Amino acid sequence: MFLKELTEASGVSGNEKEVRDFIKEALEGYVDEIKVDRIGNLIVHKKASNPSGKTLMIAAHMDEIGLLVKDIDSSGLIKFIPVGGVDKRILVSKAVTVGDKKLPGVIGAKPIHLQKKNEWSKVLDIDDLYIDIGASSKEDAEKHVSIGDYVAFDTEYDEIGDGIIKAKALDDRVGCSILLDILRSDIDADIYGAFTVMEEVGLVGAGPAAYQIKPDVAIVLEGTICFETDELDSHQMPTKLGEGPAISLIDRTTVYNRDLRDEIVSIAEANNIPYQYRKTAMGGNDSGKIHISGTGCATAGISVPTRYIHSPLSVISRADYYNTYRLVLSLIEELKKGAI
Amino acid sequence: MDFNVDLLHKLVSVYGPSGDESLISATIRQEISEYVDEINTDALGNLIARKKGSGKKIMVSAHMDQIGFIVTDVDKEGFLRFGNVGGISPDISLSQKVIFKNGTVGAIFSEPIEKSSERKLENMYIDIGAKNKEEAEKLVNLGDMCIYYSPFANNDNVIFTPYLDDRAGCFVAIEALKRLSDTDNDIYFVFSVQEEVGLRGARTAAYGIEPDYGIAVDVTAHGDTPKAKRFAIGLHKGAAIKVKDNSIITHPSVRNALIEIAKERDIPYQLEVLEFGGTDSGAIHVTKAGVPSGVISIPTRYVHSTVEMASKEDIENSITLLVAYLTMKH
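Residue numbers (the working numbering), protein chains in the order written: chain A, 1 to 340; chain B, 1 to 330.
Bear in mind the hints are in silico, worked out from the structure with no lab data behind them.
The hints are all genuine.
A few chain B residues that face chain A, going by a derived Cβ cut-off under 8 Å, partial list only:
1. 18
2. 19
3. 42
4. 43
5. 44
6. 70
7. 73
8. 75
9. 81
10. 83
11. 84
12. 194
13. 197
14. 203
15. 204
16. 207
To give a feel for the contact side, a few chain B residues facing chain A, derived at Cβ under 10 Å:
17. 22
18. 71
19. 74
20. 76
21. 121
22. 122
23. 143
24. 283
Note that the coordinates shown come from a computational prediction; the quantities given were computed from them, not determined experimentally.
Virtual Cβ for every residue (Gly too), placed ideally from N, Cα, C.
Work out the full structure, taking the sequences as your base and the hints as a guide.
Below, the structure is given as structure tokens:
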């Protein structure tokens, strides 16, 4: 598990280099081919001693949501835009890092004392927020920051409770970490691993990756929405923490292949691996581009339930991580036998 | 007019929501296999039938998938919650019957909602008459899909039934395939999957076929009912030749060829400028280096409802137009 290193690295969509470099180094000696394609995807090939006919692709996206510098005020405060699905309600007063040098900053806004009563009930718009890096003026700020610099949340990896991980960017560093573990394992199977770019801004990297790999079967590893409180009916809780990998049924980008999905369920049951279905039709992931690339392929979505996704602090369970890893390994073994 | 109403009735009655088209695919395969030279199913499930020729490669696409519902939860009392598969409207779905692949029938209803305009699919449920969760789960599992279950009806003028979209297009393609006279054209009839969720099947089929021309056959909307939004398409006025929708501006060479041949053969037609929607040609025409593509549309009232209504004459004219286009020299 490389979640500390992977989540503390920053990789806002389009700027995945730090994450990619880490993964590349961690895979040195464990895979047979490794390349960075023209759009930035890291594509690796782990060869089997006895390759079977089917081409298997496993994808996880390296990028995370974040912010991008759009202008600098005369006072040295930084204006920004969101990159990917940023919930503007969670931005105020968060710690961030700006640019490649990871300059520390804080997202600021008008203090409560100066707000009029009607402002209290309103969500602060992104235009009402700015990033303060402690600069004294525009000139001072420009020594460190330029328009177009990326901004990531500044969050240290930590563990809480009993086997619960809190970190930023678990969507989808959790997928990257599981894929890394699989590629570094001693499994003797033919696997193309695709660490994709720019998923959060429209599944940009996955299409070109699939176009190059031409998979017959693809597995997309994700961190997915998890929300569960007493007030909710059962159908309003897409996944539950600690209840195992979430298997996708349908989302806005894919109707997941039924035969493959049923096979995954029977593998989970045969190996006593807990699982759950991802009980919503909302959202989307790299599968959307992969399954319609070329002449098409069967895809599965397997996700680690992730609370507070798309925020500076998301939460997963170690048990879910481990069970997802086990399920994918078992699935690869079955695929190898030609069972699917 | 020798209208094979039994075949159309059969086609609209077979289960096949987007992503689970195996039953309708088997039905169509059986219907056409003796008329074609090759027949295959690709990775996504598209049924691809070929009538070989040495001339231009033409891909005809009619989608065999249907809009429907996917079960995302079974509650303690045995009620099912669902997500939409394609363009499902809460208004239309309320109080409809639905049927699952295994024949289980359910009714769609809603939690009490004060304003009906605020009703959303997430407030609605499917009641299969189960007494509790355990009983429900014997019949239906998470991820199972169901479709509208409503009777087929017809009179001298029209058909009304759910799923003319796009089994009427499949019907037109099948009948055209059967009536094709000798031609050099190399014709691929694709019965595509997953059109209703984003033209997904046609994309991979076209990628594999690499056609010179693409023709989708699908239903379109109408503008000929009380206070309908202005749209110059109506029932009994002929096959519709599409100019534009939200997925494609049809290629002038294909559009004009359809118009010319319709004029030449006295086939009634109307021109369609649709301000929303899309069909398989939208995916076909941007495949690889691009494919000049057009659409023959069947004017249909109440699309995506359980009473989709189309004219027998229009359907017949669509078949005649498609046969004429496929047999002409390209």
